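J.: Heads up: the protein sequence lines correspond to chains A and B, in order.
Counting in my numbering, the first sequence runs from 1 upward without gaps.
Counting in my numbering, the second sequence runs from 1001 upward without gaps.
Just so you know, the hints here were simulated from the structure itself, not pulled from any lab data.
Owing to the predicted nature of the structure, the values given are computational and were not obtained by experimental measurement.
Even glycine gets a Cβ: it sits at the ideal position worked out from N, Cα and C.
Certain hints may be false.
[Stated by the list, open to error] Distance ranges between label pairs, derived from CB positions: (1) B:1011 to A:173: 53 to 63 Å; (2) B:1205 to A:332: 43 to 53 Å; (3) B:1460 to A:335: 25 to 35 Å; (4) B:1011 to A:94: 30 to 40 Å.
[To be verified] Only some residues are given here: those of chain B computed to face chain A with a beta carbon under 10 Å: (5) 1018; (6) 1027; (7) 1029; (8) 1032; (9) 1071; (10) 1072; (11) 1177; (12) 1181.
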Amino acid sequence: MYDYGLFSFDSKADFLRRSEQFWNPDKTRFWQDAGVDLVIDRRDGYLFWDMAGRRLIDLHLNGGTYNLGHRNPELIAVLEQAMGRFDIGNHHFPALARTALAEALVATCSPNMRRVVYGSGGGEATDIAIKTARHTRQRRKIVSIRKGYHGHTGLAVATGDDRFSTLFLSDRPDEFVQVPFNDLAAMEDALRGGDVAGVVIETIPATYGFPLPEPGYLQAVKRLCERHGALYIADEVQTGLMRTGEMWGIAKAGIEPDIMIVGKGITGGMYPIACTVVSEECSAWLKEDGFGHISTGGGAELGCIVALKVLEICGRPEVRSMVHYIADRFRGGLRAIQELYPEWLVGIRQDGVVMGLEFDHPQGAKLVMRRLYENGVWAIFSTLDPRVLQFKPGILLEPDLVEEILDRTAVAIGQALADAPREAALR
Amino acid sequence: MSAVPATIGTSDPPGAPRARMMLARARWASGAFARYDTGRTRRVVDAVAEVAYQNAERFAIAAVEETGMGVAEHKQRKNEACSRGIVERYAVEDYVEPRIDAAAKIVSVPKPAGVVLALTPSTNPISTVNFKVLLALMTRNAVVVSPHPLARRTSVEAVRALSAAAVAAGAPDGCLQIVEEPTIPLIEALMGDPRVDVIVATGGTAVVRAAYRSGNPSLGVGPGNVPALVDASADVAKAAACLADSKAFDNSILCTNESVAIVEERVADALSRELERRGAHVVGEDDAQRIRGALYPDGRINTVLAGKDAAALAAASGIKVPAGTRVLVAPFPLVVPEEPLALEKLFPLLGLVRVPDAARGIDAARALLRIGGGGHSAVIHSRDPRTILAYGTALGVLRIAVNAPGSTGSAGLDTNLAPSMTIGTGFFGRSSLTENLEPRHLTQWTRLAYDSDAAEPFGDFAGLDPWSARPEPVPVAAPAPSEAGAVTRDELRRMILDELRELVER
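My request is simple: use the sequences and hints to build the entire structure.
T.: Structure representation (structure tokens):
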């Protein structure tokens, strides 16, 4: 009997049955078939426990949502305190916490950034970015990266992989153009017509397995945008908040975007909101018709207060220092593992604690994911490139846990190598 | 170590989450530092000592201004002693290289403690900061300083300067940090944090007891209440000079300063005259009573007057003293617990008790230590080794300055004891540290011990160096925009290079 107060389940099997019945049959089934029978129960820091009691180290972090750890005590404290006075607020009126967060957020961005528009999740924030770009440039076309990922809402989904847009008849190839990553010629072709409102691009494409931008690529894209009158929309959902060792990955690249999308980690998984930061030029619709985008839960004030704390924590010199130590330790540790299996672990993509491990097998990351799971580590394959495992440690990790992660990872990678030929034979 | 960051919830005092983060950063730094070889360690230590030395005067003045205690010139001397002096003193020691004992078939590998939480006092703020920081760095420890709130500003400034020097000289980022807004609940929270490997506590009894209660290993020290026996064989003039200088030194703010001179009757008058010749003023019974009332109201030391000069003490007591008086001497009849003048002195007041002979003097000294200062220090002025030995045997203290000033003698500045701002009071004084704190107290040794059977050959370890001489294995984070202090890293690097050049050219 698993008693959670308001609800209970007889057993894990009972829970999974009801999950299929009432929630999402395919998704529930998928993980059972993938050998990951995970049902997350208790969570604390960078650890969580399956409902059957198994301890796992979280290297998925929901794409950086748990950058500061699960149920970070400072965030809990600030949220608890906020609830004594605030709720989500009213989306029509000037709001105390929304304004305070906007001011604090703008202060962390490049100097051209001016205002913040709020959504309730990264998809909505991307929609806001696209709508803003279209209004600003009075053009309809949006360019994105093939295998890029910006969420599943109406406009955002059209920028992403066909798998998610065609399912709902939401692909719009006439308005949403996709070009390969790191291909400047293709980008220039897409922009040359002078009819593109904006280019939306993850600083390091996460769901694609964190292929690193070639040196100069992002900067060249920015120049192409300027030349052809398109706006540069930086999706910083997974590369922001110190994950690359700087507050924003795009700043590390030396780029001043016109619009920046922030989500996930900004509220540490405590009370979700997402933010679209815009330049003065891109603020025009906010002066023309401020009711142009309305979102009841967007910028919920409780979330804004948590986000203020997240920004404060991420801005501490201690955190900056630790991210570098963590990244350095993983760099060394993963290299050592690669030396053991050079023809299996064929690539290590790393910028700060944003990492992708590339395996020499079309489904390599799924094999490693399963073995990692058995060995007590939860890291997810890249949906849009299953050769690559997303390896996303938190920015507050301490040395002992990092050593433990590396120990477990070395074992799991070796085990997965042994699985690979069998997997190939089955195919 | 818990894998969970900042595990303490909403009951954590303000500032604790941030301070725990400093400890986490220190853990990373200590891991990197622990791999340093001798050369790299020495470069860090030398650079930090040099900056401490260059700043000795500036921070001495600042500390006196901030705390209102002590004498800048004397604090400068202590700050200097605890910079270059400390490094010179331990120059021949090695806390990095493994030791090979072929005869015993044992290899000993030195290991740092890890993260040192250094509590520093208001009385000797900068010398203690310099001292603990250098000891920690010599032994490749990361250190987080928690300053006494009364000396916060100066301590923060000093640690920032030392930290910048350390990192500029190649120390791991974050190996030297300071709690900038210390409060008692915050310090208590930090002392109990599992990220701390050892607490080095200097301060009042309360804070030292709290360190021992924390559950973390601690090196704490207790208060002193120093008896100074002057027997009939003593060189009375020298004894008086030592007593007067020691009491005047930094206005008696060192816990090793003399509390009561216990003087053999035969030489008492002569000693009093000699004291007066050296700027001490021996008061009469009425003034002694006034002093009791002002300096020990309710039978407890008036801490407001700690570190104040003799003129201030006289003014507070409402007594008249000759111009130029450096020390007040208050005779009293008997060392008993209800006598205020038998309590600890943190100002230039010296009690004076006459005894018929040395044996009774030893009894009086024991009585004084029953009141306070167990395990700490004592002083004797005598030329009779039998008396000196009897004194040392009878007293429950762990260092006795012989024919030397107490303040600077027991602290190792005017004797060959280890120069130290942290005076272990041992088991007598409820401490785990029985000596003056030295670098070796922050080092531990892993011993590789071979089978003693002659059939088992000892390995050949010659020429093996377990530590890393790589120049840049430590990630250096660019300072955050908000972190830019008064001195940038580049400026500092230049400063250090200039100083080194000066040294070479000298």
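J.: Now tell me if each hint is right for this structure.
T.: Hints and how they fare:
Between residue 1011 (chain B) and residue 173 (chain A), the C-beta spacing of about 57 Å keeps the proposed range 53 to 63 Å intact. At roughly 46 Å, the beta-carbon separation of residue 1205 (chain B) and residue 332 (chain A) lies within the given 43 to 53 Å, and the hint holds. Between residue 1460 (chain B) and residue 335 (chain A) the C-beta distance comes to about 31 Å, which sits within the given range of 25 to 35 Å. At about 35 Å, the CB distance of residue 1011 (chain B) to residue 94 (chain A) agrees with the hint of 30 to 40 Å.
At its closest, the beta carbon of residue 1018 (chain B) sits 7 Å from a beta carbon of chain A; the interface hint therefore holds under the 10 Å criterion. The criterion of a C-beta within 10 Å of any C-beta in chain A is met by residue 1027 (chain B), whose closest approach is roughly 6 Å, and the hint holds. Using the Cβ-Cβ criterion of 10 Å, the hint placing residue 1029 (chain B) at the interface with chain A is satisfied: the shortest such distance is roughly 8 Å. Interface hint at residue 1032 (chain B): satisfied, since its Cβ lies 7 Å from the closest Cβ of chain A, which is below the 10 Å cut-off.
For residue 1071 (chain B), the interface hint is violated, the least distance from its beta-carbon to any beta-carbon of chain A being 36 Å, above 10 Å. Checking residue 1072 (chain B) against chain A: minimum C-beta separation of about 32 Å lies over 10 Å; hint violated. With a least beta-carbon distance of about 8 Å to chain A, the hint placing residue 1177 (chain B) at the interface is held under the 10 Å criterion. With a cut of 10 Å, the hint placing residue 1181 (chain B) at the interface with chain A is violated, because the nearest CB-to-CB distance is about 14 Å.
In this structure, the hints that do not hold are numbers 9, 10, 12, in rising order.
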